[in-house]
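Protein chains: 2
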Amino acid sequence: MKTGGLSPLFWPVRMKGKVIYILDETRLPQREVYIKSRGYRQSCAAIKDMKTRAVGQVLLVMYTFLLSRMQKVNLAKVAKAINSTRPTLSFKVLTDMVLDWEKRGIPLEKSIPDFLERLKRSRMKQAFQAAGLLKDGDVILTHCNVSGLLPLIAEFARKDAKKISFYVTETRPYLQGSRLTAWELMKAGYPVTVITDNMVAYLLSLGKVTKVIVGADHLAKNGDIANKIGTYQIAVVARYFKIPFYVLCPPPSRLKSGKEIKIEIRPENELKFYRGILLAPREVKAYYPAFDVTPARLITKHIHLEV
Amino acid sequence: MKTGGLSPLFWPVRMKGKVIYILDETRLPQREVYIKSRGYRQSCAAIKDMKTRAVGQVLLVMYTFLLSRMQKVNLAKVAKAINSTRPTLSFKVLTDMVLDWEKRGIPLEKSIPDFLERLKRSRMKQAFQAAGLLKDGDVILTHCNVSGLLPLIAEFARKDAKKISFYVTETRPYLQGSRLTAWELMKAGYPVTVITDNMVAYLLSLGKVTKVIVGADHLAKNGDIANKIGTYQIAVVARYFKIPFYVLCPPPSRLKSGKEIKIEIRPENELKFYRGILLAPREVKAYYPAFDVTPARLITKHIHLEV
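These protein sequences, in sequence, are chains A and B.
Counting in the numbering used here, the first sequence runs from 1 upward without gaps.
Counting in the numbering used here, the second sequence runs from 308 upward without gaps.
The set of hints was computed from the structure by calculation and includes no laboratory data.
A quick note: this is a predicted structure, and the numbers were derived from the prediction, not measured.
Among the hints, a few may not be true.
Here are the simulated lysine to aspartate or glutamate pairs, EDC-like style, with alpha carbons at most 20 Å apart [stated by the list, open to error]:
hint, chain 1, residue 1, chain 2, residue 2
1, A, K92, A, E260
2, B, K387, B, E590
3, B, K515, A, E264
4, A, K125, A, E306
5, A, K285, B, D445
6, B, K417, B, D403
7, A, K208, B, E575
8, A, K80, A, D49
9, A, K120, A, E109
10, B, K592, A, D138
11, B, K323, B, D421
12, B, K608, B, E571
13, A, K208, B, E571
14, B, K494, A, E283
15, B, K515, A, E268
16, A, K77, A, E102
17, A, K48, A, E283
18, B, K515, B, D445
19, A, K187, B, E590
20, A, K77, A, D114
21, B, K384, B, E416
22, B, K427, B, D443
23, A, K72, A, E102
24, A, K208, B, E567
25, B, K592, B, E575
26, A, K211, A, D160
27, A, K187, A, E32
28, B, K528, B, E613
29, B, K518, B, D443
30, B, K515, A, D100
Facing chain B, according to a computed beta carbon distance under 8 Å, are these residues of chain A, among others [to be verified]:
hint, residue
31, L133
32, E170
33, R172
34, S205
Glycine is no exception: its CB is placed at the ideal position from the N, C-alpha and C atoms.
Required output: the full structure, derived from the provided sequences and hints.
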């Protein structure tokens, strides 16, 4: 399971001394810039401003606890601040785990780095499992960004003499698909083509895609997932065209079903403006749910992460 | 069937003396600018550059024949130039009709204005029929822009004491939904909310939409339609959620089915850039089919235009 150069998005947050370095995903692909956090308030602001997402947020949470411990900050206060950043994401499992370690007198200086090491191995294993589902010549459609897992999947497949290529939806309004996924796949040398979010049905009708692989921000106990807005639509369209729909999942949360997942509604200007350019009439109403819930019945296979 | 102020998009091309005035839809909603055509070559360039679309292109073709006749230009040459502008659109029915009038000695100075007058009445009748399908409280989802018909439909409905509101997909990459449809509906005083193209399934899953109404650029004999890329996907999703899907159609072409409709592939930079801002890695491949074909079986009702 050895891999070559990992995507910068596979491990986008690191810690050195008392500083956390966060790859600023909002600046990619034009600039590869790391912003710094020197305390939990800065870390929470970075999460709220979507400077990092998905696995980057998990790393940031864990490093922030480590840093806060070094700074002798009350960890319950840190946990509370983290849990109030974004409604859809289940940081609570993580923050409860760390508070529990503390309560039981387990030294965080060791348990947090151990956890992160297990996470890294588990993610590589998850990519390895996904690669095993592919065959030579597969054309994968993906949405948003799965934090460096797709180049790794393509690399495992390549080592197994399977050539894989990709289509990626640009993923409005933040364009994580074109800015992050297209960038990391191109950088790693895999064929990738960007489409707009509305081209999926047409593309599938042409028989141009053999499998869909997406990530998930939340996995409920019944197999429903929450992921970037637009995932549900792709699942519906994939089912219509009988294309397998695979999901790279995080560990399950405590929620029974997707119906219990609270969907974060973000400010409408994030949809109406792109880098300061107004894309619609100034006064018009817009609606921006950041995630949607894809029911388990539309998912061909969950690829689980075991930490 | 009297209507108040029509949307500027209902009749976006006009002629005065020997000058054709074309509402430049690429500048909306920030600026309401008219560009001029003084001959068929300028008219064809405006079509190629998508300065006007849909009914605007029909008006532009007809006024261009009228102008060319005044300028004593060979009309067969004009027809040929028009037919080579955009592959998916069926200008041939129009150009053949005009050439046939000429051949049979029918004076174009009268037959073209008569045709345009019939077209205007027919479009108003089409909007009136669509309004008849709606009921009080309906929430309509639409895509792209149906050339001023939606505010007219809402107005007919309002006169019939039915309150209608709208969701509109922004319609990447050209954003005709947010720039044109949201603008004209807001201007006419109807509630409208912009969403990105990937939010349709989520929105429908919430029960927020009661009907879908879209336009069509091409109607084949079997009822298949070609319309702005993304229409097919909405039709698939609407069927999944059992939401009626209505299409405001142009007159049928001579093609037997949607399979015979040639889909125009536009330059990838039109997807990768928005107003000069790069939205993806510079060297990445992109794919931009301008239209897709929605099969008749996904269409609840065709609302025909009889000219």
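Does A/E109 sit within 20 Å of A/K120, going by the straight-line distance between their CA atoms? Roughly 17 Å between the alpha carbons, so the hint for A/K120 and A/E109 holds.
Can you confirm whether the C-alpha distance between B/K417 and B/D403 stays at or below 20 Å? At roughly 17 Å apart (the allowed maximum being 20 Å), B/D403 and B/K417 satisfy the hint.
Compare the distance between the alpha carbons of B/K323 and B/D421 with 20 Å, and conclude whether the hinted pair is satisfied. Roughly 16 Å separates the two Cα atoms, so the pair holds.
Within a Cα-Cα threshold of 20 Å, do A/K80 and A/D49 meet the stated pairing? Holds, at roughly 18 Å.
Please work out if B/K384 and B/E416 have their alpha carbons no farther apart than 20 Å. Distance of about 19 Å is within 20 Å: holds.
Given the hint that B/K515 pairs with A/D100, test it: the Cα-Cα distance must not exceed 20 Å. Judged against 20 Å, a Cα distance of about 42 Å means the pair is violated.
Within 20 Å, alpha carbon to alpha carbon, are A/K72 and A/E102? holds, 13 Å
Below or equal to 20 Å on CA atoms is what counts here, so check A/K48 against A/E283. violated, 25 Å
For the pair supplied as a hint, A/K187 and A/E32, is the alpha-carbon distance within the 20 Å limit? holds, 13 Å
Satisfaction of hint between A/E268 and B/K515, Cα-Cα up to 20 Å: holds, 18 Å
Holds or violated: B/K592 with B/E575, Cα cutoff 20 Å? Status holds; Cα separation ~7 Å.
Holds or violated: B/K608 to B/E571, with C-alpha atoms at most 20 Å apart: Cα-Cα ~26 Å, so violated.
Consistency with the previously given hints fails for numbers 2, 12, 17, 20, 22, 30 and 31, ordered from lowest to highest.
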